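Student: Okay, here's what each chain looks like letter by letter:
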Amino acid sequence: MATTLGTVVGLVIGSIPGLTFSMALALMLPFTFGMQPVPAIAMLLGVFVGGMTGGSVSAILLGIPGTPSAAATVFDGYPMALQGKAGQALGAAVMASAFGGLFSLLVMILLLEHVAAVAIKFGPAEIFALVLFGLSTICGLAQESMVRGLVAGVIGLMLMIVGLDELDGVARLTFGTVQLQQGVNLLVAMIGLFAVPQVISAFIDHGRAAPAKMPENVRAQFPSMKDLRDRLWLMVRCAGIGTGIGAIPGTGGPIAAFLAYDHARRFSGSPQNFGKGELSGVVAPETANNAVTGGTMIPLLSLGIPGDPATAVILGGLLIHGLHPGPMLFRTHLGTIYALYIAIVLAYVVILIVQLWGIRLFVRVLQVPPHLLAVCIIVLCVLGSYAIRNSVFDVYLMGIMGLIGYLFQRIRIPIAPVVLGLVLGETLEQQYRTALILSEGSHSIFFESGVALVFFALTALTVGLQVWSASRRRAAVQA
Amino acid sequence: MQFDRLDRWLGPCLMLLAVTWLWLAYTYIPGARSETEAGPRAFPVLLGFVLLGLGAIVTVSAFLAPREARAEKKLPAVMRREVFIVAGTFGLLMLYGFLLERAGFVISTPLMIVLTMRVLLRGMSWILTAALAAGTTLCCWLLFAVLLEAPLPRGSWRWLFF
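From first to last, the protein sequence lines are chains A and B. Oh and the first sequence: position 476 is 476 in the numbering used here, straight run, nothing missing. Oh and the second sequence: position 25 is 1025 in the numbering used here, straight run, nothing missing.
Keep in mind that the hints were calculated from the coordinates and are not lab data. Being a predicted model, the structure only gives us computed values, none of them experimental. All C-beta atoms in this analysis are idealised placements derived from N, C-alpha and C, irrespective of residue type, glycine included. Among the hints, a few may not be true.
Stated by the list, open to error - So the derived list for chain B, only partly shown, Cβ under 8 Å to chain A, looks like this:
#, residue
1, VAL1086
2, LEU1115
3, VAL1119
4, LEU1138
5, LEU1142
6, ALA1145
7, LEU1148
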């Protein structure tokens, strides 16, 4: 039930251009408080998987991707809709999504325990290096400017500082405010940062954009066996691309989808058809962006490293429900992990049913003016923030975070690194300080461990690659 | 406004934020108890210096950016309507929080929706406004109070009289 509800919400929100499923995840978190951990996390996974798939609906029907991951689907999905083949494109997209998602789930099941078995031997120095590597994904999430991404990450870490220091029991920058002793609540911050800027944008756009034209009598068609057979090997390759990309923190669905699209075009017998309504141009990105879901779960569940904003919210959800992702999770909550596998499979079953037979629901949803949805979302933001601790202080805090989020969006400081800093900062600081206590103040502890050195090298490599690609982009602009 | 011109403000602002943060950290957070450990102040101070460095980078890059590159990076102009909507949304959120505690969920929620529809989204019909206010309030009550059994604020009017 929880998975079904989460999946439908994810599909609906994902299909609406401008509303991200990270926002949907943040808004759904308060609803999970009264639930047991398994249905709660299953619901969040449903939103995640559904959101990733739902983006293809508006990409095909309107030519506007519902999520950034569906941007590559527009290239051939929308031309197919213009040619009257919207049903075929939608059917192929949903089948490819399910294939990609289930393929990555299989890889995730095969790899997770092995990665966790290695990670269980990590001490504070190794965990510090690992979390530092996780934070280096800020460079990947920084979008336009790495410096701006780092600024956002540092501000996230600064927000994490506020509250009681767990090691010494000292109140840091609370200024005597009792409500701040527990720190900036992660969920309140996420609701404010993800949802409020989108609400403001919807209000600003009200009356500006003309309503989108929708094809009439749309019905998703199950792809023919020949279509599926002809593209099976392509789907396997794209699922591999998506899973691999997803497992690298800081990458995510859009990169996987574009890589898969480019791969499909280059290895196609008829590359000239791409961009004009080629079915493989829909199948490849949709397989890859959904394969990312399983890929991102590998570092998240085995190491506690979120790869993108959505998995950062899921990590927040896991922590709220007392599940600490990392190697110990496989010792203490193995049953929960297996239940989550089943939840993902179930989410794809729901996606297949809803998208193949309930496509008219999406057509209706896409016709609802975004500013009216935004009014409902703002009420949910306030009530969701209030419900966390039954405190109006959290509502005020959410409003302030929302304002910060919008201002950041306006001056092009990315929001995802702020959340990453908030989520990972506490572990980073605690492990650093614990390692120093163990080594009696000597920093050599970080360089005596081979594993820590590997993670430091990976961090340097990630940052170096981003600096290199940014300088190449700059050079291209100046040329 | 241009990107580089924005950075000329952003960089010093970040540096000012970092200096303020460092002052707060040194003033209000106690240091380490012994030389062999990193106390509760170490990490905040480190972050302050990192932000100071990043602010300096933003400032220097903004002043050193080539003229051609500057022209490419134009930011959309801030409009009066945008400022009104941002300030209005923030003000309404604060007002909603204030009223939620005092007037309760049942009164503050429809009031908030009516204000949003009539003040921020001008031109909305009264029928649509009333329908959305009633429908959203009812759905939220069903969702939070009935389904999730989460206590919604009932409000207290004591503040008005005492």
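Student: Go through the hint on B:LEU1142 and say holds or violated, using the shortest Cβ distance to chain A against 8 Å.
Tutor: violated (12 Å)
Student: Holds or violated: B:VAL1086 as interface residue toward chain A, Cβ cutoff 8 Å?
Tutor: holds (6 Å)
Student: Should the hint that B:LEU1115 touches chain A count as held when the rule is a Cβ pair under 8 Å?
Tutor: violated (10 Å)
Student: Go through the hint on B:LEU1148 and say holds or violated, using the shortest Cβ distance to chain A against 8 Å.
Tutor: holds (5 Å)
Student: Is the hint on B:ALA1145 kept, meaning its closest Cβ partner in chain A is under 8 Å away?
Tutor: violated (10 Å)
Student: Please check whether B:VAL1119 passes as an interface residue: C-beta within 8 Å of a C-beta belonging to chain A.
Tutor: violated (11 Å)
Student: For the hint on B:LEU1138, does the least C-beta distance to chain A fall short of 8 Å?
Tutor: violated (12 Å)
The structure shown violates the earlier hints numbered 2, 3, 4, 5 and 6.
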